[in-house]
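Enquirer: The listed protein sequences correspond, in order, to chains V and A. Heads up: the first sequence is residues 1 to 112, going by this note's numbering. Heads up: the second sequence is residues 1 to 115, going by this note's numbering.
Don't read these hints as lab results, they were simulated from the structure. Incorrect hints may appear among the rest.
In silico DSS-like links for lysine-lysine, alpha-carbon gap of 25 angstroms or less [claimed, not checked]:
| hint | chain 1 | residue 1 | chain 2 | residue 2 |
| --- | --- | --- | --- | --- |
| 1 | V | Lys99 | V | Lys56 |
| 2 | V | Lys71 | A | Lys55 |
| 3 | A | Lys18 | A | Lys55 |
| 4 | V | Lys68 | A | Lys53 |
| 5 | V | Lys37 | V | Lys99 |
| 6 | V | Lys99 | V | Lys5 |
| 7 | V | Lys56 | V | Lys37 |
| 8 | A | Lys55 | A | Lys70 |
| 9 | V | Lys54 | V | Lys71 |
| 10 | A | Lys13 | V | Lys99 |
| 11 | V | Lys68 | V | Lys5 |
| 12 | A | Lys3 | V | Lys99 |
| 13 | V | Lys71 | V | Lys5 |
| 14 | V | Lys37 | V | Lys54 |
| 15 | A | Lys18 | A | Lys70 |
| 16 | V | Lys5 | V | Lys37 |
| 17 | A | Lys53 | V | Lys5 |
| 18 | A | Lys71 | A | Lys13 |
| 19 | V | Lys54 | V | Lys5 |
| 20 | A | Lys3 | V | Lys37 |
| 21 | V | Lys37 | V | Lys71 |
| 22 | V | Lys5 | A | Lys70 |
| 23 | V | Lys56 | A | Lys53 |
| 24 | A | Lys71 | A | Lys55 |
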Amino acid sequence: DQQVKQNSPSLSVQEGRISILNCDYTNSMFDYFLWYKKYPAEGPTFLISISSIKDKNEDGRFTVFLNKSAKHLSLHIVPSQPGDSAVYFCAAHLYNTDKLIFGTGTRLQVFP
Amino acid sequence: DVKVTQSSRYLVKRTGEKVFLECVQDMDHENMFWYRQDPGLGLRLIYFSYDVKMKEKGDIPEGYSVSREKKERFSLILESASTNQTSMYLCASSFLMTDNTGELFFGEGSRLTVL
Chain V
1 DQQVKQNSPS LSVQEGRISI LNCDYTNSMF DYFLWYKKYP AEGPTFLISI
51 SSIKDKNEDG RFTVFLNKSA KHLSLHIVPS QPGDSAVYFC AAHLYNTDKL
101 IFGTGTRLQV FP
Chain A
1 DVKVTQSSRY LVKRTGEKVF LECVQDMDHE NMFWYRQDPG LGLRLIYFSY
51 DVKMKEKGDI PEGYSVSREK KERFSLILES ASTNQTSMYL CASSFLMTDN
101 TGELFFGEGS RLTVL
């Protein structure tokens, strides 16, 4: 049973425009949500996180929105740059554990 | 900077061989993890350890074992490699997550091919 879902395996966006990556979850016991970015042949790197008690967190070009009632979060990248081309993983931290549950990833391609 | 180092970037092994994947972290993290990444399946947790000599099964532990004799080192062992274990293996570490966001620090990955 996939508790964290990224339903879009890929996304293609023109440079300068907004990229929106989506993530849905099923477990109400998640207390933090994180986004990781992964380039080929490298390990994932942390990008941004949000607490379940907030609905928005912003860091430069990256903003994460959380809609708890819909069990949905999204990552907005504005403006998108070619260097943003990577696989993005959504992850959820299970309250009172040391476990992160990852989604299946979305491959973002930003073209000139 | 946090450094998580995986001993081998690329390995090619034959079916039935015993395989060791080593991981070392330099941030005195309590937690260490082994994930595998496969296309369309994302990152799946194999095993994790929250202390020396302590381990817990993740979501897909079958066919794997782990060893943590020192705090900074976490090894993944494939007792008898099979072709369905061909994958990218990622080691990660973190502080205990009970009062933080759960941020993991990943190594660069070890791509294992089993022939």
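Enquirer: A separate judgement is required for each hint: does it hold in the structure or not?
Expert: How the hints compare with the structure:
no., hint, verdict
1, V:Lys99 / V:Lys56, "23 angstroms, holds"
2, V:Lys71 / A:Lys55, "31 angstroms, violated"
3, A:Lys18 / A:Lys55, "20 angstroms, holds"
4, V:Lys68 / A:Lys53, "38 angstroms, violated"
5, V:Lys37 / V:Lys99, "18 angstroms, holds"
6, V:Lys99 / V:Lys5, "16 angstroms, holds"
7, V:Lys56 / V:Lys37, "19 angstroms, holds"
8, A:Lys55 / A:Lys70, "13 angstroms, holds"
9, V:Lys54 / V:Lys71, "13 angstroms, holds"
10, A:Lys13 / V:Lys99, "30 angstroms, violated"
11, V:Lys68 / V:Lys5, "15 angstroms, holds"
12, A:Lys3 / V:Lys99, "20 angstroms, holds"
13, V:Lys71 / V:Lys5, "11 angstroms, holds"
14, V:Lys37 / V:Lys54, "22 angstroms, holds"
15, A:Lys18 / A:Lys70, "21 angstroms, holds"
16, V:Lys5 / V:Lys37, "16 angstroms, holds"
17, A:Lys53 / V:Lys5, "33 angstroms, violated"
18, A:Lys71 / A:Lys13, "28 angstroms, violated"
19, V:Lys54 / V:Lys5, "20 angstroms, holds"
20, A:Lys3 / V:Lys37, "17 angstroms, holds"
21, V:Lys37 / V:Lys71, "21 angstroms, holds"
22, V:Lys5 / A:Lys70, "35 angstroms, violated"
23, V:Lys56 / A:Lys53, "39 angstroms, violated"
24, A:Lys71 / A:Lys55, "12 angstroms, holds"
Consistency note: the structure conflicts with the earlier hints numbered 2, 4, 10, 17, 18, 22 and 23.
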